[in-house]
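Engineer: Sequence:
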Amino acid sequence: MAAMKPRTGDGPLEVTKEGRGIVLRMPLEGGGRLVVEMNADEATALGQAIKECVG
Numbered sequence: 001m002a003a004m005k006p007r008t009g010d011g012p013l014e015v016t017k018e019g020r021g022i023v024l025r026m027p028l029e030g031g032g033r034l035v036v037e038m039n040a041d042e043a044t045a046l047g048q049a050i051k052e053c054v055g
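The numbering of the sequence shown is the numbering used here, which starts it at 1 and goes up by one.
Among the hints, erroneous ones may be present.
Calculated cross-link-like contacts (lysine to aspartate or glutamate; reagent style EDC-like; alpha-carbon spacing at most 16 angstroms) [what the hints assert, rightly or not]: (1) 17 / 41; (2) 17 / 37; (3) 17 / 42.
Across the chosen pairs, the derived CB separations fall in these ranges [what the hints assert, rightly or not]: (4) 47 / 19: 17 to 23 angstroms; (5) 31 / 55: 26 to 32 angstroms; (6) 51 / 31: 24 to 30 angstroms; (7) 54 / 19: 26 to 32 angstroms; (8) 20 / 55: 31 to 37 angstroms; (9) 54 / 28: 18 to 24 angstroms.
FYI, nobody ran anything at the bench for these hints, they're computed from the structure. Bear in mind the structure is a predicted one, so any value in this text is a computation, not a measurement. Glycine included, C-beta positions come from ideal geometry on N, C-alpha and C.
Between the sequences and the hints, there should be enough to build the whole structure, so can you do that?
Structural biologist: Below you can see the structure in the form of structure tokens.
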């Protein structure tokens with residue numbers, strides 16, 4: 001069984017490279033964090049989509 005990490009709060013927005021993937025950890029409004037792992041192409045597409053949305 002995998003070890004459970006204790007909750008230490010929501011924390012800041014984080015993006016880290018772990019192995020071959022890029023991991024996004026984003027705090028959510030109701031508490032907790034959204035964790036998404038993606039490859040470089042997906043991260044580039046996500047960044048472009050956010051830039052287009054923001055303006």
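Engineer: All hints are to be evaluated individually against the structure, with a verdict given for each.
Structural biologist: Each hint tested on the structure:
no. : hint                        : in the structure
1   : 17 / 41                     : 13 angstroms, holds
2   : 17 / 37                     : 9 angstroms, holds
3   : 17 / 42                     : 13 angstroms, holds
4   : 47 / 19: 17 to 23 angstroms : 20 angstroms, holds
5   : 31 / 55: 26 to 32 angstroms : 29 angstroms, holds
6   : 51 / 31: 24 to 30 angstroms : 28 angstroms, holds
7   : 54 / 19: 26 to 32 angstroms : 29 angstroms, holds
8   : 20 / 55: 31 to 37 angstroms : 32 angstroms, holds
9   : 54 / 28: 18 to 24 angstroms : 19 angstroms, holds
The structure fails none of the hints (numbered hints given earlier).
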